[in-house]
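Each chain is listed here by its residues.
There are 2 protein chains.
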Amino acid sequence: MGRWEPGARERLVVAAVDLFAEQGYDATTVAQIAERAGVTKSTFFRHFPDKRELLAAGQETLSRLLAEGIAEAPRRATPLEAVAAGLERASSAMGPMNRELAPRVKAAIASCVELQERDALKTVTLAAAMTAALVARGLPDPTAALASELGVLAFKRGFAEWSDGDRDGEEELAGYVLSALEELRIASASLG
Amino acid sequence: MGRWEPGARERLVVAAVDLFAEQGYDATTVAQIAERAGVTKSTFFRHFPDKRELLAAGQETLSRLLAEGIAEAPRRATPLEAVAAGLERASSAMGPMNRELAPRVKAAIASCVELQERDALKTVTLAAAMTAALVARGLPDPTAALASELGVLAFKRGFAEWSDGDRDGEEELAGYVLSALEELRIASASLG
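As you go down the protein sequences, you meet chains A and B in turn.
If you read the first sequence in this note's numbering, its first letter stands for residue 1, the second for the next number, and so on.
If you read the second sequence in this note's numbering, its first letter stands for residue 1, the second for the next number, and so on.
If you're looking for bench data, these hints aren't it; they were derived computationally from the structure.
Note that the structure is a prediction, hence the values are computed from the model and not measured.
Each hint should be verified, as a subset may be incorrect.
Put simply, identical chains are the same to the list, so a pair is met inside one copy or across any two.
[Unchecked claim] Subject to a maximum C-alpha distance of 30 Å in a straight line, what follows is the list of computed BS3-like cross-link-like pairs (lysine-lysine):
#	residue 1	residue 2
1	K156	K41
2	K41	K122
3	K156	K122
Produce the entire structure from the sequences given, and follow the hints as far as they go.
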């Protein structure tokens with residue numbers, strides 16, 4: 001894994017994830033997160049509206065990249081090829097820091113219903129962004145909705161494997177996500 | 001539509017949905033909901049832990065019925081036939097009251113991020129229940145995950161059409177949900 005030099009935003013996310021893990025989400029205050037990250041509370045609020053949004057950080061960026069990748073896929077791309085283009089674009093936003101933090105983020109979410117809800121809404125939001133981009137390509141609604149669900153599922157499954165991180169020589173998230181999408185494409189033929 | 005005689009639990013849901021629509025989710029208190037429903041606050045808390053859970057009411061029942069239907073599907077059923085059995089079982093839990101309330105519930109959710117999050121988690125929970133039941137039938141993981149997503153999507157799409165309620169002579173939710181599943185099955189052949 002490469003090295004990364006965290007700025008204030010990244011330090012805030014790391015501090016929050018550590019504090020959630022150490023003392024629980026409910027017991028953690030914005031003041032504590034800011035202090036641990038070595039910034040002021042007003043710096044916190046320049047980056048995030050509240051502590052809950054910390055873990056959904058990047059949702060807008062991911063949605064935008066998914067939509068752009070889908071929009072710019074070749075005109076004759078199949079629905080899943082367009083989804084793959086979106087996933088590849090979005091995966092490029094995830095670097096070593098995301099990979100390193102992933103197990104702690106997962107543990108924080110698992111320990112707190114409020115974060116599970118926020119995380120679930122993130123999933124729904126990403127699916128909606130993909131569906132809209134696919135409908136804009138002229139796909140009929142059920143196909144667009146279905147292709148988006150495959151895309152979200154591939155992103156989640158690929159991300160989980162990537163953050164477990166034991167595939168030989170594969171460093172980039174995109175490789176994991178596109179393999180997961182291919183696996184789901186194959187599985188779709190055996191639904192009956 | 002048939003008539004339904006609401007008990008305390010149903011009256012609480014109706015009162016809450018109306019109050020959320022009239023004055024917003026944040027401004028609505030448990031005391032107001034109980035008063036509108038003509039019950040005490042302790043009756044409220046016998047039925048629900050807090051106001052947020054009101055709209056996720058039924059999540060456990062739906063999860064259980066989905067899982068039971070899938071478990072009891074014929075041994076040789078395809079993945080989607082098993083999902084259809086789960087959806088049919090779960091749909092039977094939804095009656096005229098759910099149909100009548102649906103537009104107001106939808107409006108309440110649309111107006112409030114907190115309820116959108118809760119609703120998203122409900123979706124994730126139902127998918128997880130189906131996936132576990134399909135894996136228990138011996139399906140490989142990606143197929144089970146994918147079949148569940150189709151099931152959740154079919155349930156949502158069928159429910160939306162059912163609550164719009166303009167299909168000739170079709171009263172039961174199950175009919176809408178199974179049509180939606182068939183539509184998605186057909187769409188899955190054109191994913192590329």
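Check your understanding: Which hint numbers doesn't this structure obey?
Key -> Going through the list in order, the structure violates hint 1 alone and respects the others.
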